[in-house]
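**Q** Make the full structure from the sequences, and use the hints.
Chains as they are written, first to last, in the numbering used here: chain U, 1 to 315; chain Y, 1 to 290; chain H, 1 to 263.
If you are wondering where the hints come from, they were derived from the structure by calculation, not from laboratory data.
Every residue gets a Cβ at the ideal spot worked out from N, C-alpha and C, and that includes glycine.
Keep in mind that a hint or two might mislead.
Unchecked claim - Examples of chain Y residues toward chain U, derived with CB under 7 angstroms:
| hint | residue |
| --- | --- |
| 1 | Val98 |
| 2 | Ile105 |
| 3 | Glu109 |
| 4 | Ser192 |
| 5 | Met272 |
Listed below are the residues making up each chain.
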Amino acid sequence: MPLAAPVCAVAGLAIFAPSYSLASTIVIYAIAALGCNLLLGYTGLLSFGQGILFGVGAFAAGLSFVHWDVQAPAGLLIATVAGAVVATVVGSLCILRRDVHFVMLTFAFASMFAYAVYLFKDVTGGENGLRGFPAMTLGAFGSTWLELDTGAVMFAVASVTFVAAYWALTRLTRSAFGATLMAIRENEDRAIAIGYPTMLFKLLAFTVSGLVSGVAGGLYAVFLGSVPDSALQLETSTMILVMTILGGTGSLFGSFLGSLAYLLLSHYLAPTWDRWQILLAAALLAVVLALRGGLWGGLRGGLAASVALVRGWVR
Amino acid sequence: MDSTLLLSQALNGLGNGLIYFLTAVGFTLVFGLMNFVNFAHGAFFVLGAYAAFELTGRGWSLWVALLVAPFIVAAIAAIAERVLLRRMYRLAHTYQIVATLALAITVQEIVTLVWGANSFTLNAPESLSGTVDVGPVTYPWYRIFVVVLAAALTVLLWVLLERTTFGAKLRAGSERPDMIVCLGVNVFRLFSVTFALAAGLAALAGVLATPMRGMAPVTGTEVLGLAVVVVVVGGIGSFGGTLVAALAVAEVQSIAVVYAPAAGNVIVYVLMALVLLARSDVVMRRLSHA
Amino acid sequence: MTGTRDATALEMVGVTRRFGGFTALEEVSLSIAPGTLHAIIGPNGAGKTTLFNILTGRLRPTAGRVLVNGRPAHQSPEHRRVAMGVARSFQVTSLFQDLTVRENVRLAASGRRLRRALSMWRPVEHDHAGLARAGEVLDQVGLDRVAERRAAELSHGQQRLLEVAMALAPRPRILLLDEPTSGMGVDDIPAMESLLARLAGTHTVVMIEHNMALTMRVADRITVLVSGRVLTSGPPEQIQSDVEVRRAYLGGELEGASDADAE
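**A** Below, the structure written as C-alpha cells:
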C-alpha cells in the first residue's frame, strides 16, 4: 500500500511531536524536500533553486492573501501554479547546460531571486517580509468550511497535502516517465542515443518539482501568517538540499526523514547550543562519504537506507 | 559622478581581481588536471587567514604569516587529498560537489567552534601602513603591495606552468590524463602536489585579503561562489581565461559599489549566467547558422 | 516523399569532418546494402568513431550527406536517428549502471515511443510492448538469465552483449556496432560472434572492429579507413590479400588474419 508510509509518518508526528507547530513545519519542509528529491535523487540534477520555488510559492500565496483576500485553498493553488511557472522558466534556462555549469546556473538564479526580494521591497516587504494577512479560512468561493486558526487544523491541512503529494510522486516515479528520469540520471548521453529528448524530460521534472515545492511554500505562508524574507534566500535552498541528502536521495520517504531529522535537531539543540549545526554538518558528511557507491546513481542511502537496514535486522 | 571614487574603486578591482585569481587558479588547475570539482576550495582561503591570525597572535609579523600560512594549509590539503579526496576522482561531478560542499560546511562549523563566528582582521605591517598619492587618489600602501605581490606570483605561476617540467606534465595531464601515465609520470604525486599548490595559493590569497576586508568563517562560502564564477566564465583549466575573468569580476563588483551598492554580487552572477547561456550548445548552433 | 530507395540502406556521400585545423574524415563515401554486415577497419586514429558519430547524429558533417534508406539524415539530431531506424552500440560501455539489465533494454526498446515515455501515471510495468521486446532481445542475446541484475554487476563480456542488446531493442533497420568485442576475453568472444552471425541477414549491420579473424568470418563487405580516407572496399578475401591494407597496418601482419582462432 503506497500510502502506508506517509500516513504512518504524519500519524507518528501527531502522536509524538511536542507541538503541532513543529509537526507542521516538519511536514511542510518534507514536501519541499520531495520536490528537491525529484530533481536530485531521481533525475540527478543538483539544483540550488529549490528555495526559489519554495519562496515564490510562499510569496505568491502571501500576496494573494494580502491583496485579493482569497481563502487558503485558493492561495495554495496560486502558490502551486506560481512554483510550476517559475520552475519551468528558470529550469528551461538552466538545463541548457549540464554538470557544474548547470549547478552554477541554478545558483545564479537563486541569488537573483534572493536579491529581488530586497529590490522589490514595495511588493515583498523587504527585510520585514510580507505581513498583514487576513484570517486564514478553509473554503471556496466565499463560503467557509473551517477556520484555519488552530495548530491542529493547520497540521491536518499540511498533512493531507503531504500525503497527496507523496502519493502523486510515488506514481510519477514508478511510471515510464519516472523510469526515463532515472535513465537520464544514470547516463544522459545514452538516453539521448536511444531516442529520448532528454531536455523535455528534464524540463518537465523541473515543472513538477516547482508544483511540489511551490505548494510547500504556500503552506508555509499560511502556517506563519506572513512571509519572511528568508523564504527566498539561499539559506532556504541549502536547508532543503541538506534535508534531502541527509534523509536519503534514493527514496521519497527519505525526504520526510531528512526534514524530521533536521528540524528535530534544530528544535532540541538550537536553544541550548549555538553550534548545533556542526552535528548536522558531520551527519551530512557521514552520509555522503558512506555513499561510496561509485557512480551518481549510488547517491541514495542516508537515513532512509539506515531505516531499511534496521527494519531488516528487526525481522 | 565622483571620478576619484571611481578611480580608487577601479584600483581596488585590480587588487581584488588578482586575489580572486590566486584563489580561483587553484580550483581550475585541480578541475582541469584531476577532473575534480572541489567546492571546499574556499576553506583553504579561510584557513590561510586563520593560520595567519594564530601566527600573528603569537608575535610573528604578517610577513612571516604570509610565508608560513600557505605551507601549513598546503600540508593540510595534501593530507586531505591523500586520505579522503583521492577516492572521489572517479565519481560524477555532482557527487563531488555534494561531498565537498558537505566538507566545506563541516570545516566552517569547526572553524566557528574554535575561533568564534565573528569576523576579525589582520593589521598590515608597519612598513606598509599609510597612504600614497596615485594621481588624484590617495591610495593605501598595503593595497599597492597586494597588487605587486599578487602580480609577481601570477607571473611566477605562469613561468611554472609554461616553462618547467612540472608545468608541462600538469598541462599535458589536463588534456590527456591517461597519456601522462604512459609517459612515466607518477600521477598520484602530480595530483598531490597540484592540490597542495592550489590550496597554498588560496591560503596566501586569504592572508593577503584579510587586512583589506576582514575574515569570518562564512567568508569561505562567498569566496567559493566567486571562485567558481571566475573559473566557469574563464573556462575550466584555462590560466589566461581565469586571470581575465577574475579581473573582470572584481572590476564589476568594485564599480557596482559606486552605482548600486547592494547589487554587486548579483550583477556578477547575472553576467555569469549570460556567459554560460551564450555558450550553450543551443545558442552556439543558432549562432553558427546565422 | 513516397517510396524509399531500398537498394542502399545507409549511404555516406563525400562526407568530410573537420575539427578546427584537423581533418578527421575526408571525402568519405560509403554504400551499405540492406541485410549485409559491413565492417569498417583501420588503424587507430583513422576516423572510424568520428564516422560513427556522424552516422548517428552526434556530430554534423562539415561537408557531404548522410542518407538513411534514401532519406537525408545529416541534419537530424541524435535522438531522432532512432526513429529513423538507426541504432548504435558504444565502444566504451555506456549503460545505465544502476538499473537492471531488463530495464536497460526496455528503455532502449521504448526510446522511440515518446508518448509512452511521457506517461506519468501508470506504472512502468504497463509498458507491455517494451517489456515484451526486452524479453525477446535478452533471449536473442543470451542475457535472459541475468535480466534482474543491475547492469553494473555484469561481467565485462556480458556488458558488451548488453550494449548490443540495447542497439537491437528498438528494432532498428540499421545497427551500428562500435567494436562490439572490445576488451572481451577469449571465452566471451564466441558468444558475440554467433550473435553477429545470427544478426547478419536479418539486419543491416555496420561494425567497427579490430578483431580481424572475427571480422573476416562474419563480414560480407569490408571498408578500410586510413587517416580519414577510404583506402579500399570489398569482400573479405579481397581485403585480406590487399598489399596496401597490410602496409596501412604498420606494414605487419593483419592481427590474427592468418589465425583460425579468435585473437
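**Q** Look at each hint and say if it fits the structure.
**A** Structure-based check of all given hints:
This hint holds: Val98(Y) has a C-beta 6 angstroms from the nearest C-beta of chain U, less than the 7 angstroms allowed. For Ile105(Y), the interface hint holds, the least distance from its beta-carbon to any beta-carbon of chain U being 4 angstroms, beneath 7 angstroms. Using the Cβ-Cβ criterion of 7 angstroms, the hint placing Glu109(Y) at the interface with chain U is satisfied: the shortest such distance is roughly 4 angstroms. Restraint check, Ser192(Y) versus chain U: the minimum CB separation of about 20 angstroms is more than 7 angstroms; hint violated.
At a threshold of 7 angstroms, the smallest CB-CB gap from Met272(Y) to chain U is about 6 angstroms, leaving the interface hint in force.
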